[in-house]
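Student: The primary structure of each chain is shown beneath.
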Amino acid sequence: MKIPFIDKRLEDIYSKVLNGSRLSKKDGICIYKTHDLIGLGQIANHVRKSLHGNKAFYIYNMHLNYTNVCKNRCSFCAYAKDDGEKGAYVWSIEDIEKKLLERIDEPVKELHIVGGLNEDLSFEYFINLLKTVKKIRPNATIKAFTCVEIDYLSNLAKLSIKETIQKLKDAGLEMMPGGGAEVLNSRIHEALFPKKIGHKRWLEIVKAVHKAGIKTNATMLYGHIETTEERVDHLISLRDLQDETHGFSAFIPLAFHSKNTQMSHIPSTTAIDDLKNVAAARLMLDNFDHIKAYWVMIGEKLAQVALSFGADDLDGTIIEEKITHTAGATSATGLTKDQMEEMIIAAGFTPVERDSFYNPIK
Amino acid sequence: MDSLNHILKKIEDNQRIDINEGLALFRHTDFLTLANLANQKRFDTHPEKIITYVVDRNINYTNICVSGCRFCAFYEPPNQDQNKGKGYVISKQELFDKIQETIDLGGTQILLQGGMHPDLEIDYYVDLLMYIKDNFDIHIHGFSPPEIDFIANKSCLTISKTISILRKAGLASIPGGGAEILCDDIREKVSPNKCLSEQWLEVMRQAHLQGMRSSATMMFGHLEKDIHIFEHMDKIRRLQDETKGFTAFIPWTFQPDNTKISVKKKTSVEYLRVLAMSRLFFDNIENIQASWVTQGDKIAQTALFFGANDMGSTMIEENVVASAGVDFMLSKEELTRLITKAGFEPRQRDCYYNLI
Ligand code: SF4
Ligand code: SF4
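Those sequence lines, one after another, are chains A and B.
Reading the first sequence from the start, the letters are residues 349 to 710 in the working numbering.
Reading the second sequence from the start, the letters are residues 7 to 362 in the working numbering.
Note that these hints are calculated values from the structure, not bench results.
Computed from a prediction, not measured in an experiment: that's the story for all the values here.
Heads up, a few of these hints could be off.
[Said to hold, decoys possible] Straight line, CA to CA, 20 angstroms or less: simulated EDC-like cross-link-like pairs of lysine to aspartate or glutamate:
(1) B:Lys174 x B:Glu127
(2) A:Lys607 x B:Glu339
(3) B:Lys270 x A:Glu648
(4) A:Lys356 x B:Glu54
(5) A:Lys381 x B:Glu351
(6) B:Lys338 x B:Asp110
(7) A:Lys350 x B:Asp36
(8) B:Lys16 x B:Glu339
(9) A:Lys403 x A:Asp384
(10) B:Lys47 x A:Glu648
(11) B:Lys270 x A:Glu690
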C-alpha cells in the first residue's frame, strides 16, 4: 500500500518496515517527534494488520488489589498509603474469598493481582492468597505481582528469585503483569521512585522470571519527566531482552495521571501523545506479539481509535479498577462484554475474546 | 473497488463527489485512509499550521419550549405544573452579568439561543438584542433557524422581514443549530414540531441574502441512516453554491442520555469518519469544526488530523448538551495546550474566522 506522507521522514521508516529491517534509536525519536500523526498511524496499522488481521482482542478479567499500604511511596503513585493512614486497607484471605465469591457467576478468565509493599504481610500470606484464588477460581489464569513485588517477596522469604518464583508457581502463579519498570532509566528512578527497584534490577528479575517459564507483560509509564530519548531507550531495552528470552507477551503504554500524586502539577497526556506511544511501541517492538491500548488509562473513546494506530488488544472487561481511578482517570469504571464488542465492531475490527495466553474463547 | 478508485481519483483531482460517491467512500474506505485524505484536503485548504478557536459564551435566554424534540434533554414544557417551576426566562440582570463576565474573560461574542416560548413575540427579541447592544460592544451570534421560523409565525411576519428586524436590533450572525438532519422523514420522527428542512434552508438563504453569515451543523447518530447524512450535507452544499454565506460546518453526535430516543451513542471512530467525510464533501465550505463538547478533549484533539481546522468555542456554558449528561469543560488554557501539543499554533478568531 502506498501512503502519501506529509512528513517525508516517515518514508524511510515505512520502507524499513516493509523490508523487515529493525528500526534504530534515531527512527524511534523521529516517530515521537513527527507531526504527521495519520502517516505514522498508517505505518503502525500496517504492521498491526499483518500480525493480527482484523482481530481485536479483549479479556474478561477481574482485578484484585490486595493492599494499598506501601513502603515505597513513589512520587507518581496516587494509590499507595502509609499504614494507619485514612483509607489504607489490606484484605485478609477471607476478604479475598468474599470478593471472589461476589462475582463467582461471571465468566472471569483472568485474575490480575497486584498491591503495595505492605510490611505486615508475610510470605505465607502470598502463598495462601494464590492458593485461595486457585481454589475458588480453578479455571481462571492467575496473573500476579510485578517485578517490584517479586524482589520484595524474595527478600521476605529469604529465597533466591528463582526459588521464590518456583514457590509462587507451585501455589498457582501462571503469569505476571508488566508494571514496576516505569521508565528504565536511572535519572528517572532517582527522581521518582528512589526506594523502588531500579532499572538493572528490574531487567534482572524479569529475565529470571522468563527463564523460570513465566510470561510477563511490559509497560512504560509516560507523560511525567521523561524525555523522548529516554522513552526510545526504554523500548530498545525491552526489545533487546525480548530477543534473549522471548518471555514478554504484550506491551502496554501507561499514561501518567497526576491527580492525587506528589506530581499533580503535571498536566495529563494528550491524545496525540497517547496515540504516538501506541504507534511507537508497535513499530519499535518488532519482537512483541501484542500492543495493548489500556482503556482505563486513556479513556474508552481513544482506546477505540488506538486500534488503528497499532494496538490489537483492549485489555479487560474490568468492572472495578482502583489504581488509575484514584489518580483521577475519567474513563468509565467498568465496561461490559457487550459494550466492549460493540466498540470494537464500530471501529471496523472483529472482537476476539481471549484467555491470558491469547487463545480465543469459544 | 474500481468505482472506489474512481472516487479517490476525483478527490485527488479536486473534483466534487456526489451523494452516492460520498456514501461509497464512507462505507468502504479504511479509517486511516479516510483520515489521510481529509488531512491532505485540510492542508490544501489551510496550508498554515494554525488551529482557530473562539472565546464566547452560550446564553440560553429561556428553557421553556413548545417543541418537545425527542432528542432534547434541555427544555421544560410551558405549563408550570409540568415544569415544576424549573422553567425560566433570563432576567436582564443575569444577562448583563453573563455578558460582562464573557468580556472579562476575553470573549468576543455570545451565542444566544433558547426554546420556543409560546408567550414571547418579536418585541421581546428586539428588546433583548437592543438591551445587549446598548450596554456592550459584543458580537451577537444568535437564534437558530427554527427559532427564527417560530418567531416569524408567532408574530405573523415573513422570514425575511423577521430577519431584517432582528438584524436592525443588533443580531450579527446566525448559528447553524436546529438542523439535526435535513430530511423531513427523519425530522418528523425526532423533532415533529420543529421547522422542516425547507424552512431551515430558507431562513439561512434569507439571512445570507441580507448579508449575514451563518454556520451549519449536523446532529447525527439518532434515527437517520447513512444516506441521510449525505443528503443533509448535499442540501447545505447546494445552498452554499447559491449564497456563499456559510462560514463553517460542524458535525456532532446525538447524546442520548435523558432524552426520549434510546439508541446506542455513536463511538469516537464513527464520529471521526463522519468528520473526515464532511471535509471531503464540502469543497465550498472552508472551515470544519471539531466538537469537544460532545467528544471530549482527546477525540477533539485527534479530530485535528481528521479534517478539522477549528476547535470551536471555549463555551463558558453549554446547557443544552450538558443536560444530556455530557460535561466536558475546557478552559482557554487547556484548549490552547491541546492545539499546541498537536503541533499547531492556536489562534483566537472572531465569528468570521478572522484571526484576532
Ligand atoms: S507505585 Fe507501586 S511501589 Fe510505588 S508506591 Fe505505588 S504501590 Fe508502592
Ligand atoms: S431542541 Fe430546541 S426546539 Fe427542540 S425541544 Fe429542545 S429547546 Fe425546544
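Student: For every hint, state whether the structure bears it out.
Tutor: How the hints compare with the structure:
1. B:Lys174 x B:Glu127: Between Lys174 (chain B) and Glu127 (chain B) the Cα gap is close to 16 angstroms, so the pair holds against 20 angstroms.
2. A:Lys607 x B:Glu339: Holds, because 18 angstroms separates the two Cα atoms, which is no more than 20 angstroms.
3. B:Lys270 x A:Glu648: Roughly 15 angstroms between the alpha carbons, so the hint for Lys270 (chain B) and Glu648 (chain A) holds.
4. A:Lys356 x B:Glu54: Distance ~18 angstroms between Lys356 (chain A) and Glu54 (chain B) Cα, so the pair holds.
5. A:Lys381 x B:Glu351: holds (16 angstroms)
6. B:Lys338 x B:Asp110: Distance ~13 angstroms between Lys338 (chain B) and Asp110 (chain B) Cα, so the pair holds.
7. A:Lys350 x B:Asp36: holds (13 angstroms)
8. B:Lys16 x B:Glu339: Violated, at about 40 angstroms.
9. A:Lys403 x A:Asp384: Distance of about 26 angstroms is beyond 20 angstroms: violated.
10. B:Lys47 x A:Glu648: Since the Cα atoms of Lys47 (chain B) and Glu648 (chain A) sit roughly 28 angstroms apart, the hinted pair is violated (cutoff 20 angstroms).
11. B:Lys270 x A:Glu690: The given pair, whose Cα atoms are some 9 angstroms apart, holds under the 20 angstroms limit.
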